[in-house]
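> Now for the letters of each chain:
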Amino acid sequence: MGNFPKNPDVRISLPVVCFVWQIAMIILFGLFVRYDDESDAHWSEHKHENNITSDIENDFYFRYPSFQDVHVMIFVGFGFLMTFLKRYSFGGVGFNFLIAAFGLQWALLMQGWFHSLDPADGQIKIGIENIINADFCVAGCLIAYGALLGKVSPVQLMVLTLFGITLFAVEEYIILHVLHVRDAGGSMVIHTFGAYYGLTISWILYRPKLSKSLNGSVYHSDVFAMIGTLFLWMFWPSFNSAIADHGDGQHRAAINTYLALAASVLTAFAISSLSARKGKLDMVHIQNATLAGGVAMGTAAEFMISPYGSLIVGFICGIISTFGYLVITPFLEKYLKIQDTCGIHNLHAMPGVLGGVVGAITAATASESVYGHEGLVNTFDFKEKYAERTPAMQGGFQAAGLCVALAFGIVGGAIVGFILRLPCCWGDPSDENCFDDEVYWEVPEDEESILPILEYNSHMVGKNTDMM
Amino acid sequence: MGNFPKNPDVRISLPVVCFVWQIAMIILFGLFVRYDDESDAHWSEHKHENNITSDIENDFYFRYPSFQDVHVMIFVGFGFLMTFLKRYSFGGVGFNFLIAAFGLQWALLMQGWFHSLDPADGQIKIGIENIINADFCVAGCLIAYGALLGKVSPVQLMVLTLFGITLFAVEEYIILHVLHVRDAGGSMVIHTFGAYYGLTISWILYRPKLSKSLNGSVYHSDVFAMIGTLFLWMFWPSFNSAIADHGDGQHRAAINTYLALAASVLTAFAISSLSARKGKLDMVHIQNATLAGGVAMGTAAEFMISPYGSLIVGFICGIISTFGYLVITPFLEKYLKIQDTCGIHNLHAMPGVLGGVVGAITAATASESVYGHEGLVNTFDFKEKYAERTPAMQGGFQAAGLCVALAFGIVGGAIVGFILRLPCCWGDPSDENCFDDEVYWEVPEDEESILPILEYNSHMVGKNTDMM
Amino acid sequence: MGNFPKNPDVRISLPVVCFVWQIAMIILFGLFVRYDDESDAHWSEHKHENNITSDIENDFYFRYPSFQDVHVMIFVGFGFLMTFLKRYSFGGVGFNFLIAAFGLQWALLMQGWFHSLDPADGQIKIGIENIINADFCVAGCLIAYGALLGKVSPVQLMVLTLFGITLFAVEEYIILHVLHVRDAGGSMVIHTFGAYYGLTISWILYRPKLSKSLNGSVYHSDVFAMIGTLFLWMFWPSFNSAIADHGDGQHRAAINTYLALAASVLTAFAISSLSARKGKLDMVHIQNATLAGGVAMGTAAEFMISPYGSLIVGFICGIISTFGYLVITPFLEKYLKIQDTCGIHNLHAMPGVLGGVVGAITAATASESVYGHEGLVNTFDFKEKYAERTPAMQGGFQAAGLCVALAFGIVGGAIVGFILRLPCCWGDPSDENCFDDEVYWEVPEDEESILPILEYNSHMVGKNTDMM
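Residue numbers (the UniProt record's numbering), protein chains in the order written: chain P, 1 to 468; chain R, 1 to 468; chain A, 1 to 468.
Please note: incorrect hints may appear among the correct ones.
The list treats identical chains as interchangeable, and a pair is accepted whether it falls inside one copy or across any two copies.
Restricting the straight-line Cα-Cα distance to at most 27 Å, the calculated cross-link-like pairs of lysine-lysine (DSSO-like) are [said to hold, decoys possible]:
1. K6 <-> K334
2. K212 <-> K280
3. K383 <-> K47
4. K278 <-> K212
Quick caveat, the hints were computed from the structure, so don't treat them as lab data.
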């Protein structure tokens with residue numbers, strides 16, 4: 001396998017995949033998806049029936065600003081973070097766009113079947129919370145793309161997304177509903193799963209002769225990537241609070257995330273400077289490790305972890321993540337044969353696992369004295385059949401949830417990795433064509449500034465030699 | 001006309017236009033514009049009188065997040081989308097900034113006279129909805145700028161904006177108030193009008209000898225343009241829902257637009273790949289055709305078009321729009337003498353018309369079984385003197401509205417086009433200076449990286465010849 | 001002082017500062033910072049006790065959208081505005097990121113001790129308003145950084161921030177609490193203070209032999225800077241309204257700022273064009289002077305200044321600010337020995353002072369006929385011990401507040417400037433290494449496009465000479 005010559009022509013395969021899957025989405029949406037009570041024109045009747053006095057009580061107004069921030073993270077945040085390569089900016093931001101746009105549709109269906117099925121008519125009822133969750137679900141696949149950036153074809157990415165969303169929805173159902181685990185910002189469900197899913201695929205698709213010459217940045221591409229970094233960093237409080245409980249839940253999740261992220265910045269700068277000749281900072285660390293605090297607060301952000309607790313989490317993550325870029329990524333590539341283009345192991349895998357652990361500990365140590373009785377019940381949803389659950393038990397279930405996320409990521413990644421290695425019309429690039437937009441894009445010729453020089457030089461050459 | 005040599009010096013004309021018009025705005029605002037009930041310091045009294053219990057009921061909290069998203073679309077979205085040319089990024093984002101900043105002031109006045117005049121004192125009362133509408137009105141002129149990008153002077157653009165806003169306000173009044181048509185996201189009022197306005201002006205200002213060498217992108221300018229694309233794409237749900245009805249109206253409009261846009265992405269990628277050698281994608285398609293679904297949902301987004309209906313609209317528009325870039329734009333230029341720099345015919349004209357048609361059909365087929373009685377009345381505003389109107393009638397009026405938008409765009413564009421061709425001190429560039437920022441901007445010299453090479457080379461030349 | 005050779009190695013000093021200060025933050029947060037009533041899990045009990053009927057009454061929903069906009073201004077707005085230098089984009093956006101992330105933590109503490117101390121337990125209770133205020137406080141230091149861009153080390157910037165935040169919190173306490181002055185958008189507290197703080201430091205750190213060759217932009221860096229400009233411009237209405245009163249206060253502040261900014265754009269373009277050969281626009285003016293209207297509305301935005309009043313303020317500021325770039329910045333450098341890299345004197349100092357004056361006049365002329373009795377009391381907070389204050393008195397206190405801001409900026413800047421000149425391990429660059437990212441960053445080699453040319457040329461040289 002892999003020894004026959006690569007043909008990166010996707011002229012048939014990419015359009016077929018896009019058309020067939022989009023048509024399938026339309027049919028499935030036609031069969032299954034309808035508006036929920038708050039987005040349906042019957043809302044005015046629903047208001048009367050439920051004694052809702054004002055339109056402002058519509059969930060739209062609680063969550064839409066956060067939704068738009070999350071949406072920016074998915075498309076501009078992840079997209080521009082992946083423009084850092086010198087000749088793969090089109091592929092970074094463009095394929096991110098493609099797979100996110102497909103993934104969110106499939107996520108609405110998959111998550112809908114598991115979470116939003118109306119038993120009355122067997123249909124999925126969607127509202128603002130569903131589209132936030134669809135964006136979240138897509139994030140898992142985009143994280144996986146980070147490990148594979150520049151080394152796979154768009155057709156492979158579409159397959160990775162199809163399976164990734166499916167696995168995500170099952171994993172999420174088990175973690176959030178079967179185990180009744182809290183994970184509002186998805187340290188486990190999104191980051192741990194997505195990262196190990198991508199790393200395992202990358203391990204299976206290992207390329208021993210991978211070209212290094214294009215696997216790096218230039219000055220302007222590093223500045224473009226900072227657009228991605230900053231939009232992720234700024235809007236992470238919205239990410240972790242978007243589907244938290246109304247009121248104090250969203251409020252606290254935003255504040256905790258804001259603090260953890262700030263602490264990550266300082267320790268990422270510190271380790272980056274400490275590790276280099278003359279203390280020179282490395283843009284890779286600044287672009288990525290500064291975000292680790294947001295990942296690690298994904299579970300505990302809505303808990304009463306306290307402001308200094310958030311700072312401690314961010315402090316540790318900034319160190320671990322930068323250290324990962326310095327030491328662990330080269331180690332993974334050299335000894336474990338895992339090529340991780342964006343370093344998602346450092347930004348998502350380790351901080352995600354840490355976030356799951358922090359969440360478990362914070363949950364296990366929760367008490368009525370800190371939360372108040374009602375607050376404890378609301379925060380951990382100790383209601384109905386979970387009314388008897390104690391914080392200590394909840395901590396155990398949180399830890400179990402982390403294991404489920406890890407297992408789904410690794411096993412799922414192994415299966416999808418093998419599928420993507422099957423001899424087929426994947427259209428993936430040869431080793432020497434990796435990290436090069438020329439393979440899948442009509443790249444404009446940047447000659448404008450170069451040609452005049454050539455002409456000028458050849459003219460000079462003529463003149464000089466003439467004079468002799 | 002047009003045969004005398006061009007003089008693109010705007011040193012007198014541009015400052016005069018800016019100063020005189022800004023002073024006129026101040027005088028007219030002084031005479032006519034005041035705060036409305038919700039932005040005036042009398043709000044606390046207004047609350048008591050209207051039994052409003054909480055400040056959160058102020059329209060500001062329903063619409064401000066959407067307003068800010070729309071604002072980003074106008075200035076960063078349209079602005080950066082127009083940075084794709086290799087040497088016209090300053091003009092793209094800079095003149096967009098200038099005409100939007102002027103246009104929104106004039107729009108507050110023009111739209112205010114038609115829609116927000118307080119009969120008690122003859123003054124325009126403005127609040128959050130007015131400034132959203134002003135941004136919308138500006139969008140029409142920015143679309144028109146897209147057809148003319150690189151070929152006109154800032155003075156011509158200011159004139160285009162002055163007339164464009166005026167025509168827009170009249171057209172909007174006829175469509176929304178006289179015909180009582182629904183068009184929350186402006187498929188007709190904004191996109192159809194704006195596109196035909198710009199295309200007609202471009203037709204009249206046809207340049208037979210237009211230089212091609214600068215009419216294209218370079219690698220980094222395409223990445224800059226993706227910033228524009230993505231902010232337009234992400235925030236289009238806010239655009240179509242910003243002035244929809246409180247509650248389910250805004251909620252549904254956002255969801256429908258979100259879905260249509262996602263479908264456009266897949267079909268735009270599919271057609272782009274299908275049409276090129278080796279399936280290579282073209283950045284022009286990805287930057288533009290992916291947005292077509294948002295344009296086409298401008299009218300129907302707040303209706304009960306259903307989620308799969310939105311996907312179908314996006315699916316079709318992505319195909320039509322990409323096809324337009326491949327076939328129709330070259331055709332328009334060659335046979336109809338319409339030079340359309342940004343391809344607004346594909347992104348705004350065709351999807352806008354389609355959006356008007358979709359809106360008319362969706363309205364005509366609306367029923368109480370789908371909307372509920374109250375929902376139908378609220379969605380189509382079948383109140384007071386329109387209480388007797390049926391959905392079928394509404395569909396007819398919607399279609400009539402589309403014709404009005406088309407007529408205003410074409411006739412208005414013809415008039416303004418002729419004005420802009422009058423021999424005058426327009427300061428427009430000669431054919432060979434089009435698409436070049438040097439004409440209107442102090443462009444920094446990018447020699448820093450080139451000069452050392454020249455020196456190095458001439459040095460080498462010397463050495464080589466010496467050795468002989 | 002300053003004569004011994006510079007050693008810009010920060011490998012020890014930067015990590016030490018980051019670590020020690022971050023650990024100090026954690027300890028101080030552990031001792032002092034807790035959630036407030038609206039972000040604590042006891043919120044549900046707080047609701048019952050205070051008869052709050054809905055979670056939507058949580059201050060989070062009034063202010064979170066504005067907070068996120070402010071957050072974007074701080075990190076992307078200020079950060080990208082400072083990427084305009086041809087070889088200092090990493091330092092511009094990167095050090096902005098570092099000092100803002102540190103500053104906001106220290107600001108939560110400093111402002112908390114002055115404004116949010118709970119007398120019951122001596123702890124700082126934080127919520128959404130605190131994190132907005134922390135971002136505001138950081139803005140003052142980022143403005144100061146603008147004057148020093150490219151000429152100081154990150155260690156110096158951290159010290160500048162530590163003292164800047166401290167001074168800010170004291171100054172703010174005196175102005176807002178002791179003098180009971182209104183300054184929601186911080187014309188005085190943020191802009192006047194921050195600008196004079198930075199200018200004074202720059203004056204003390206004067207570099208007579210400062211290299212000019214890198215103190216300028218290239219084409220793409222000017223486009224990057226426009227990202228900063230536009231996000232500042234678009235979100236300034238959120239900045240000035242973020243902590244204004246609920247309801248009409250926030251609503252009016254947003255509208256007034258929106259209008260003033262629009263007017264600034266037209267006059268900035270006009271003066272820029274008028275001042276140059278052939279009317280060519282200068283990107284420096286467009287990037288900066290267009291924002292002056294937002295600065296100048298920082299105090300009066302929430303007052304009943306009326307829409308045309310806002311336009312007049314913006315009109316004047318656009319002129320003054322552009323004029324400043326043309327005349328005053330060169331004058332300051334040549335005669336007063338103040339080197340102001342970003343021209344903060346024109347964008348923040350002059351418009352800030354003007355904003356303070358406008359605020360004082362608007363306050364002094366306020367009347368019950370315009371505001372209504374309740375509106376006047378709410379807008380100026382004429383309650384409790386200030387119940388007897390009249391608008392005329394308030395105008396006087398506003399003017400006094402402006403003087404306090406000026407005094408703190410100048411005296412504070414002088415002290416900090418002297419500290420930063422002490423012979424120490426600051427790691428600041430030598431005069432010829434200013435404005436160069438190479439000093440503090442691992443800069444990727446951009447040779448990729450250049451080396452092939454060299455090879456090609458040397459090949460051609462060979463060929464040509466061979467033929468002879």
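> Indicate, hint by hint, whether the structure satisfies it.
Evaluation of the provided hints:
1. Taking the shortest alpha-carbon separations for K6 and K334, only the intra-copy value of 24 Å comes in at or below 27 Å, while the best inter-copy value is 40 Å.
2. Both within a single protomer and between protomers do K212 and K280 lie at most 27 Å apart by alpha-carbon distance, with minima of 23 Å and 23 Å respectively.
3. In this assembly of identical chains, K383 and K47 lie within 27 Å of each other by CA distance both inside one copy and across copies; the values are 25 Å within and 20 Å between.
4. Both within a single protomer and between protomers do K278 and K212 lie at most 27 Å apart by alpha-carbon distance, with minima of 25 Å and 25 Å respectively.
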